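There are 2 protein chains.
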Amino acid sequence: MTKSEDKHVFRFGAKTADGTGSMKNLLGGKGASLAGATLLGLPVPPGFTISTEVCNLYLKTGGLSDKIKAEIKEALSFVEKTMGMKFGDSKNPLLVSARSGARQSMPGMMETVLNVGLTTSTIPGLIETTKNERFVYDSYRRLIMMYSDVVMEKAAGIEPEEGHGIRQQMERLLEAKKKKAGCLTDTCLNVAQLKELCKEFKDAVKKTLGKEFPDEPYEQLWGAVGAVFKSWGGARAVAYRRIENIPDEWGTACTVQAMVFGNMGDHSATGVAFSRNPATGENKFYGEFLINAQGEDVVAGTRTPNAMNEESKNDQSKDLPTLEEVMPEMYNQLVAIRDTLEKDTKDMIDLEFTIQENKLFLVQHRVGKRTATAALNIAMDMLHTKFIDEPTAILRVAPEQLGQLLYPILDPEAEAKATPIARGLPAGPGGAVGQIVFTSEAAVEWNRKGKHIVLIREETSPEDIEGMRAANAVLTARGGMTSHAALVTRGWGKCCIVGASGLDINTYEKTVTIDGQLYKEGDYLTLNGTQGLVYSGELPMIEATENPRLKEFMGLIDKYRRLGVRANADTPEDAKVALAFGAEGIGLFRTEHMFYGEGSDEPLFLLRKMILSNTRAERLHALKELAPYVKQDIKATLRVMDGHPVTIRLLDPPLHEFVPQSKFGQEKLAVALGISAEDVHKRGEQIHENNPMMGHRGVRLGITYPEIYEMQVRAILEAGAELLKEGKEVHLEIMIPVTIGAAELKTMQLIVEKVYDEVKNEVGADIPYMYGTMIEIPRACMRAGDMAQSAQFFSFGTNDLSQMSFGFSRDDIDSFLPDYLDLHILRNDPFVSIDKRGVGQLMEIAIERGRKTRPDIKLGVCGEHGGDPRSVEFFHEIGLDYVSCSPYRLPIARLAAAQAAIKEKYSK
Amino acid sequence: MTKSEDKHVFRFGAKTADGTGSMKNLLGGKGASLAGATLLGLPVPPGFTISTEVCNLYLKTGGLSDKIKAEIKEALSFVEKTMGMKFGDSKNPLLVSARSGARQSMPGMMETVLNVGLTTSTIPGLIETTKNERFVYDSYRRLIMMYSDVVMEKAAGIEPEEGHGIRQQMERLLEAKKKKAGCLTDTCLNVAQLKELCKEFKDAVKKTLGKEFPDEPYEQLWGAVGAVFKSWGGARAVAYRRIENIPDEWGTACTVQAMVFGNMGDHSATGVAFSRNPATGENKFYGEFLINAQGEDVVAGTRTPNAMNEESKNDQSKDLPTLEEVMPEMYNQLVAIRDTLEKDTKDMIDLEFTIQENKLFLVQHRVGKRTATAALNIAMDMLHTKFIDEPTAILRVAPEQLGQLLYPILDPEAEAKATPIARGLPAGPGGAVGQIVFTSEAAVEWNRKGKHIVLIREETSPEDIEGMRAANAVLTARGGMTSHAALVTRGWGKCCIVGASGLDINTYEKTVTIDGQLYKEGDYLTLNGTQGLVYSGELPMIEATENPRLKEFMGLIDKYRRLGVRANADTPEDAKVALAFGAEGIGLFRTEHMFYGEGSDEPLFLLRKMILSNTRAERLHALKELAPYVKQDIKATLRVMDGHPVTIRLLDPPLHEFVPQSKFGQEKLAVALGISAEDVHKRGEQIHENNPMMGHRGVRLGITYPEIYEMQVRAILEAGAELLKEGKEVHLEIMIPVTIGAAELKTMQLIVEKVYDEVKNEVGADIPYMYGTMIEIPRACMRAGDMAQSAQFFSFGTNDLSQMSFGFSRDDIDSFLPDYLDLHILRNDPFVSIDKRGVGQLMEIAIERGRKTRPDIKLGVCGEHGGDPRSVEFFHEIGLDYVSCSPYRLPIARLAAAQAAIKEKYSK
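For the record, the sequence lines run as chains A and B. Under the working numbering, read the first sequence as residues 1 to 908, first letter to last. Under the working numbering, read the second sequence as residues 1 to 908, first letter to last.
For reference, chain A alone in the conformation it holds in the complex (with noise of 0.2 Å):
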């Protein structure tokens, strides 16, 4: 092969190729992929890939020089000789497209210009050859229509007016074309009328664009290479570009095929296949096609496309021929192709096809989407069939996929069948079925009695807890993603679909009308969490946790893992299921999480007497009657976690939080403490804050009440030394939140050393116990080197570290936000996935100075990211020893734990 500096165009066709499947810098994504697979002999309709550099040269050149121009003329000869036909010709003229590829995928950032070559004196012979003057015209209006806006608007930098743009205009003229003939798709316009729609085309291009549509076929070719190069410098892509970091001189290939046709008459047809199922995963070759059709007609449905085989078939198709009864040559030739690409791809893949007078073209392959269900079943029997390894098996299920196999769902085939009556946000995942209540006390009551209940409210609010815990699934009619309904029961990893704004409920009468139709307390309803659906009465489900496969492929992952794993729990509860989906630990225990739900009413009462305590001594005593509650509390875990380690966090929000605000919370607490409501209010108001984010929290309650940390302090240690007593084994991980630097750090270990040594007086026992500190504030991460001293281990807590790097409240980005990202200004929500550019740099400088002061430090992260995929693998290259999120969110940090120690050492 010559050198890429001498050669701009690569030629592919007739199972040769100058280009390979691996030369995705030269030629792009999809000019490599289509050399590849003409490389190994598949049919792919010829065609020309000119390079990335040549892209470069143009951007600055503003044109192709004659060298190239010759070069891309001989390989269009060479495209000519192997489709048999000539662009430009009058008689049997070629048609081709011209696509843009980078060497990473761009998703509609760049342009595409099909049906290039249709002229005036092209069209009489495309006629002849295809038999058919409405598919030439309509081809024609849509190379009128694609052409002008990106060729010769676009291209040529000129910026029309809002809604005059030259597209704008044609698809005014289309309705009203569509209109005066009184249909309602592009389908039903006749040749007559197409005619007329081109020439209203043409001229409004005249008049628009102060020129002709180009009537000459390489005029037509070189403005589409053209255009196909300028829009790598549009600003889309270059905003694309900076978000993705994309360096700009990558550039963009072009390619240039042959059209085919799958609707040249009754032995032409398009379909589209899966070389295995897609939903289930088994291995049948699966797909469907059309007879005498294009690819758009497969895609909009208007006519019910054949299914390939007998185990394609469907409702709708299980009468129709199957393209392996009508045209066995070309099954088998395609069944000969899947075979060919699934051998080289080691995946299962999907392909387009067209057959033009019988004669069989792939234009189209890549690896294919699949579900959840099918993503484990395909990579376990690649597995057994010893196709690919146990990582590469690993890396086929997403770890965001694998959420969806962990929870009861609603069975596929039975819930395609049914039509849903309404729909939400998809706020708790899996699928639940239950007669329906819509109080929380029905919802205990019911539960009760042994029967499945699906809990409906308007929205719901902390005294829902009971019956939310009580009911299967959670609907509710308003709130979003964040609302309480919401958090709630992701948390627990409970079925819930919040906002679903067509429920009328009377809360009084127990009834919901749902689309018009009644439904009575008892009815049922049948939820899908994952999707927010909801469907009237019983579905049928599955317990996906149950499957066998899951379990190999979860016995799988953990010995290629790394990182470490623990969940984020407050509760006896929530540790047993945190160990049940592997937690290795507890990452991060809140302490104040006994004030809130069931049972917290005596600790909330001592809790709230200690915040109105006007002085030190009456602190102190409300200390003394609440220490024990705080002692049992974390004695409850820690005896679940026996010989896990356990982080406890001291307190963290701010006090006012736990004051009551309404009237009559105010009045009660006064007469529980014989002072006035009036003093309570007046409390609360000196303790309210303009930034409650920013206030006296964490630490800074510990520095100014150092008897509260103290006291909580006291009640770890005992806690664990009793549980020592009884034989368990404790690991104790003191964590101070919120701190800001060393002093606070120091100034708390005095206090957390003079308790140990009390009580290490008062129980005769060494307590084993860690040191260690939250890492949420930006300047905790400037002086990590100092804390490491105090420190032996820091957690990350990316939820507050994320909210003051990016001076972004949580609780108020809703406003802004959304237009964040879909303006490309962020590429996710950092409150989702961890801002590796921002809050990802000041964790690693925190890392490397904290490491450099103590090298055996211990580092985990304890935000919501530690359960999100693209984040733990983040943490994972920055070197973090573990990861801490909510239970049911394990295993798929697992997952992504293990992918992410895959990745790094294939990347070596």
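Treat the hints with care, as some may be off.
[What the hints assert, rightly or not] Once the Cα atoms are required to be at most 27 Å apart in a straight line, the calculated DSS-like pairs of lysine-lysine come out as: (1) A:Lys746 x B:Lys836; (2) A:Lys754 x B:Lys746; (3) A:Lys836 x B:Lys746; (4) B:Lys154 x A:Lys746; (5) B:Lys551 x B:Lys346.
These are calculated hints, taken from the structure and not from any lab test. Computed from a predicted structure; not experimentally measured.
Assemble the complex: chain A is given as a structure, and chain B must be docked to it using the hints.
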């Protein structure tokens, strides 16, 4: 001299010394300065310094080696010989002190023991030589108190329960003794009572600490030396070192020195002196002394001290004989010492001396503290006599002192004679005299009549603005240093005292009662706003800024300064003041300022209309109406700044700040807008935020409502274009606030460039402008490299950057910041002085990354830190181009910048 490894004890005395004045590392500050003075031939009481290396050894081994003890004994015999006395001698006993002294001053952090060597066997001898039994027993009880606390309790590691420390017990015994004697001060106890007390003290030592008080001189000495060394490892000293970044291995030296006494009879005396007048700076020796007295007596003020010479006489001492008269020989020796020390230090010094039986001792000397006026005069005098050079003169006035020289002040002499009638917080600097009024309206009216006014209010609110402006000073009964009155007047550089709780104001009667005296409207009061003092009647004032020496001094500064200085100014008035104070441009023009204060009614109404718009069309309409006001506002300030750069920040605060909060205000707006008050309220609620500091503000508004920024940019460019036509010079700098990364900047840049092209076409002129951003979010520091692709300048918004980096809401820190400062967790309020080790590091990262992308990027600061001297020094060090601060802080910033440049040059 022997090598330091071999030598541990360094003698000084009799004009020789083993060490020198520059050996601070080995001898500590105190040991080195005593050695230095001795070598200058000055009569320092002899002694020796045990080196810092011994401290490290001591702390490692827990004691002094025999070799070192022998060295100490040898040095002690040198002291004995020099003094002609003997340690532990029953006839003529030598007493010594043991003091700590580290390389760097750590005030109050470490221990001192005086009178070491006083025992039952040496007491009689000392009584004999001093002829003062009372003095001896008073010294003895002081030794017991100090020694048992410092050596026997603290250094022994005994931690008594609160209130049960040995010192506290002794203090209670002392109180009881005084009560019994019916007297109030220590000095009234007679010999018998002091003897009893010494016995009681020794009993307490035995009972509490379980051993006898040591009665052997060497035992006392070893104990005292050990305690000094151990105090290096004390908790407070360790905390201090942590904060000040002082390495533990520095250690402290221990200086043991002969005690000398000025109370041995009429040929003894003690005094303090300044080489020049510390109040005025006049070049006259200045001091006072007492015959037959101890140093404490001079300070205590129980006897009226005599003046040193005629020049030092004051009202009290004017009829007493001077030292020059009664001890001319001693006086002449002192004058010689003064000259020697000034010559050596090239600065004004203060010194303490003791005359023991006609023998003069220099006990201590150091650079003398002085008033701002004295600092300026001494610096300029010494410069004029070529005693020091220009850079040294510039370093001799502290920037904060300069602040005191910039305002009219009360005549210090007159003030010294007057008694304040009330005290408050010194909120606005300088002095003022005026007639009191009680309402804003009255202030405006009286001011129109040409009267000088002091406006008295309970506290001020925005409605008082015009009255505050009209008044010469503001005095409030309530509010702290961040109250409305304090903030507003400080910005104006206007005299103000807040929180003067002694004021009983009756606004209805137009009277105020202060200290029992009734003052009516029109009565005169005088305020010292620099110290928070209120005087009755009219005190004379001096215009310090007219001081020709100040002008000369300010003239020196600018040629040494590298850092540019700009002002934060939003009005033509502020801009004029800024230019007068030396501003080289405006570093922060807040576009939102026009919506506050006088004349803001119409623009504020239009802004509110815009905010309450429901649709983009409505918003565009309101913006169109608002635009001319915005342009006018910007143009007025640009005109004043003719030729200087002006950085204009686009809209920054969250919109809800502008929605009226009161029901009345909402109703008024509703009527004006023709919508319901309910709608106004609702819209206000919609944009309410939980943490507004981290909410929808700055560029986030520009992203969601690009039309707002577009209007502002157009107004800026049109204002510039119009001024260009008027023949003015404009240097616009358009600044985007609250950015988190490059994408926002790029997005806004497209708007700016679009509007620029449009305006340029309309006016047909190039309008010079730069485009840049605030760096005020931690993430922006990480992304500065990318941001510099668009930004031609960065202006660090250190207020917000400090808030986000610390996670401190400035509005909410009162609940914990005082504790953080008290406990030395923070060295300074980070909103006053930049936090170099956290926020400063983030800035350094941003600078490095920004410069890497754009080497000539302009870098400034526009937070309030720009006017803080310590921060300015840091900004110089990290290489910023300019600082911007309140106009009244400009001279301070200029001086701080010059000093930073000089220090940098000298340190190289």
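Status of each hint after checking the structure:
Note on Lys746 of chain A and Lys836 of chain B: the hinted pairing holds, with a Cα-Cα distance of about 20 Å set against a maximum of 27 Å. Only pairs whose Cα atoms come within 27 Å are accepted, and Lys754 of chain A paired with Lys746 of chain B is rejected, the gap being roughly 55 Å. Between Lys836 of chain A and Lys746 of chain B, the direct Cα distance comes to roughly 20 Å. Compliance with the 27 Å bound is thereby established for this hinted pair. Taking the CA atoms of Lys154 of chain B and Lys746 of chain A, the gap is about 21 Å. The hint holds against a cut of 27 Å.
For the hint linking Lys551 of chain B to Lys346 of chain B, the alpha-carbon distance of about 23 Å falls within 27 Å, and the restraint holds.
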